[in-house]
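Enquirer: What follows is the residue order along each chain.
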Amino acid sequence: MPSLGASFGRGGATTFQQDLQNSDCIVIEGSNMAECHPVGFQWVMEAKARGATVIHVDPRFTRTSALADLHVPLRAGSDIVFLGGLINYVLSNDKYFREYVVHYTNGPAILREDFRDTEDLDGVFSGLDPDSRTYDPSTWQYEGMEVQAASGQRDQEYGDTGAGPASTAARGHAMGSGGAAIGGLQPPRDETMQHPRCVFQVLKRHFARYTPEMVQDVCGIPPQLFERVATAVTDNSGRDRTTEFVYAVGWTQHTVGVQYIRTAAILQLLLGNIGRPGGGILALRGHASIQGSTDIPTLFNLLPGYIPMPHAHKDETLDSFLDAESTDKGYWAEMRSYLVSLLKSYWGPAATPENDFCFDYLPRLTGSHSTYETVQSQIDGETKGYFLYGENPAVGSANARRQRLGLSNLDWLVVRDFSLIESATWWQNGPEIESGEMRAEDIGTEVFFLPAAAQTEKDGSFTNTQRMLQWHHQAVEPAGDARSDLWFTYHLGRLIREKLAGSDDEMDRPLLDLTWDYPTSGSQAEPVAEAVLAEINGWDAEGRPLSSYEQLHGDGSTACGCWIYCGVYAGGENQAARRKPASEQDWVANEWGWAWPANRRILYNRASADPDGRPWSERKALVWWDEDSAQWTGHDVPDFAAHTSPWHRPADGARGAEALSGIDPFVMQADGKAWLFAPAGLTDGPLPAHYEPQDSPVDNPLYAQQRSPVRLVTAPRDDNRYQPSGSEPGSDVFPYVTTTYRLTEHHTAGGMSRFLPYLAELQPAMFCEISPELAQERGVEPGGWATIVTARGAIEARVLVTRRISPITVRGRVLHQVGLPYHWGANGLSTGDAANELAHLSLDPNVHIQEVKALACDIRPGRRPRGAARDRLVADYQRRAGITERTGTEQ
Amino acid sequence: MSTVFLGDIDPAGRAGHEDHPPRMGFFTDTSVCIGCKACEVACKEWNAIPEDGIDFTGMSYDNTQGLGGSTWRHVAFIEQAKPLAAQVPGVQHPAGEPADLRWLMASDVCKHCTQAACLDVCPTGALFRTEFGTVVVQEDVCNGCGYCVPACPYGVIDQRKDDGRAWKCTLCYDRLGEGLEPACAKACPTESIQYGPLEELRRRATDRVEHLHRNGVTDARLYGEDPHDGVGGAGAFFLLLDEPEAYGLPPDPIVTTRDLPDMWKHVGMAAAALVALAVGAFGAGR
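Chains Y and V are the protein sequences, given in the same order.
Just so you know, we're using the numbering used here here: the first sequence kicks off at 1 and counts up by one.
Just so you know, we're using the numbering used here here: the second sequence kicks off at 1001 and counts up by one.
Treat the hints with care, as some may be off.
Straight-line Cα separation of at most 30 Å, DSSO-like style, residue types lysine-lysine; simulated pairs [unchecked claim]:
hint : chain 1 : residue 1 : chain 2 : residue 2
1    : Y       : Lys-48    : V       : Lys-1186
2    : Y       : Lys-314   : Y       : Lys-384
3    : Y       : Lys-580   : V       : Lys-1186
4    : Y       : Lys-48    : V       : Lys-1082
5    : Y       : Lys-580   : Y       : Lys-48
Simulated from the structure, these hints should not be mistaken for lab results.
This is chain Y alone, in the form it adopts within the complex (with noise of 0.2 Å):
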């Protein structure tokens, strides 16, 4: 989450689900919380029993729209405007914290004299290479600071590697866990916030033009609606009352997903609402441990705890790495200590400060890698194998027939699930075998399909979407000969280690080296979970656990799998597993799991207290300074240095978290303060701007530039066409606005849900949801079928003729948009079409998600023609709207 690791510092959620119940005014955006995560929903209801007010803005009245007290549909792909329109109401009616404002943002701080603002320059910011689609970051810098920029253009810029483009490889990621660098240390700084260059006026400037007419405009939202939301956002916050935005998959699937966050961050810090009870930013998790997956990433350009991976640069050492990835001021300038204790856990004894600690084995990035890109290289033949770990993306995954093409044209896969899903069966009975244009014999693709165990038959924690780490202990044995994925990496290692012993060869040299010594119990030698939550906590020299990462060395006399866990093993107890009921603590409840950092719950909790450490209001107290025992406390464990008093300031020169002032509450960021604007850290605009979707049915009234101008697009593929936009010829061939989404009912790809009868039952089929009045338009039966088209693909699906999805009046154009649940594939119990046969592939630069929350389609009565009639309708839908490889592709 690299948008709030810009503005704050840290890539996971600022608060806890908890928390919720303290909030004042809870606003839903991106997210249908209620069906997606019920069970934390509660927290809001439970707000809402205490007189909070609910606000649901979605394009659908959903099942958190049933219970919130104010739904605002909008037209999808449209939030920016909406959260623009909110910071104008703000700047302009004077609703800012001002206090807040001055002492913990970047809002004070002057920029260059050469950075350019879309005001200026039409719809982008100076620095964009129109070539190369990418934007040079250095004139977003603070006036007078180094050039350093952390996002991806820095690492271009290394030397010539000789490996292909670095690419931007979703640099923005490694904001996870800690802000962007930027050079020297204290910007320059207008108290008064008057300064023509300073932040907070080049922000007034920004956001001028979002107006509330413009959010009717764009978002289809009436004025009186909006004026609804600002009044209740605004009279929800200041010293006394909080107000929290919490948003899932809706903000960040979109090509400018990471900057949809950003507005929500600035509109918060403005506000005053971050590091404070019932405020902050809940980003919440679509999926069991997804923010344990981004912890300890699952990604490729990251390795535990949000340090960066290194790039296949040419001499480099572990000295010109850490050079260039730490900082100079906050606790990233401890990255040493982070990494080596990292390569200590991985390789042990064999780490040793003569060889860089094993430095060079680490993999090099040689580019972006992310899942889409890997899917090309199967395509071009260069990616051999798979393991698919409880992922489904021959229907899950945007440009579904892509994935298939590419499963097509592997050696070898391996598809670790609970049921034979369609990753595992594509070859067999995939939409490209039903229209002929595979046949099973010749996909030469050897699948192997090894049953997981599930979550009852393990051991093991989950890390959720508050950053909290959860203990599950093994109910029963796995059936038959299902398997922990531990036990399988854990065996597969082993025996790719049995295999590679006695080598000399150097290449295997990091493999024969790991530490891969875990202990094993019970008949099937199942790996000893606690051990490795032991190793990732790590230990001292004599073997001792670690409690706090600030114990952790760059010496190697330190191991820790990951620095942000450190503590989770403290005293050699399984913190995760803490379980002291509620009712026997207090409503932190800080002995329930154990949560990162050093178990926090809500984060940059020092600006819960004005500068002077007194909390800002009694009703809202959180964390603050004792004068009698000279340190900070309160109910959270607080999240600054227990000793540094509110009056510190730091000596010149100092380093680290030693250079942090006592107003400094965002202690991760370069500077301490949260950004309104990002110097640094995202490759797309230090500031939030509109830009429609890649497909999108209008064009944009904000600026000339109509999509975004370094979202990522493929090379020409006829497997992935783009659509006319706005008033391009052929647009109107798509003339709605369909999302992808979830139900309660089935988790994502259906690999967990579709085979359960109890679950099938409850949502049987592949269905749209369109309103009485689009029904009408195309002659649609209630309850019948319909077909619904992209330039990508064409999907039938069940109809749900529903008052909840509402035409909305955008641009004085009457607009429809049609809800697709993407649970979907040929396999289980519950059966479908995939809404992502819809989706095409144009990603976000930051971090390369894909675009499936804002679509253009059509819809048509009836089912969907079958064989090869399929491709037959969407190439007719494609000459009609005269598609060709260079559509959408326009910067």
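Given chain Y, work out where chain V should sit, using these hints.
Expert: Showing chain V alone in chain Y's frame:
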């Protein structure tokens, strides 16, 4: 045949349970239901109820349709063109015209009536009154006669097609005895389904209605909590936001065996008259 008493009686005591625990029941507060259907799933999981139809209905999110032999919790989804207190639904129908909309969700279940007709008519004793005052079918006793099915004024109990026996919610009798709450209540994330001593639930429900009324939700009303209603009050009662009919519930349920004593009386009188007639005829014949 027992006489039907309406009013606040002690069904477990009347059934012969001495020193029984307090009467336990459900209060289902539909005003906080989020329609997650966790109750339906938890019920089926705990009670090992078979799947009973993977059929798309097109009727809002309700693909279960109603209670039955293999559905002991059912969440109704009701989309209405009506306002819900001061809620702003934001929708427009047609475009440009703000429209009313509310989406009611309610988890239905067996009412565990104080006067349970199903139990009254059961010829085998398969249906019985527990010490908690609930009504349970014993699956190993039921002979599938089906008398209970039309006897239920709510249409709750039903036979399974494949085995003929009658099935319905047991209020998780096998969990209650262990001090556990029923599976549905345990799974409910918003405390829409509350389990507890009926008396306490009734107090809680009354407070809740008052709270909602004070906050402008004037549609809130209780259903089945009144010991003087046609079934002597339900052991599982509800807070609704509309007339019962909107949820598919009978507005004025009456225990179908209410008139049985009278009927038997009439039958008796008729029989006596017949006997007298016969005796008379016999006498006259002599």
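Enquirer: Indicate, hint by hint, whether the structure satisfies it.
Expert: Checked hints:
no.: 1; hint: Y:Lys-48 - V:Lys-1186; result: holds (22 Å)
no.: 2; hint: Y:Lys-314 - Y:Lys-384; result: holds (27 Å)
no.: 3; hint: Y:Lys-580 - V:Lys-1186; result: holds (19 Å)
no.: 4; hint: Y:Lys-48 - V:Lys-1082; result: holds (21 Å)
no.: 5; hint: Y:Lys-580 - Y:Lys-48; result: holds (26 Å)
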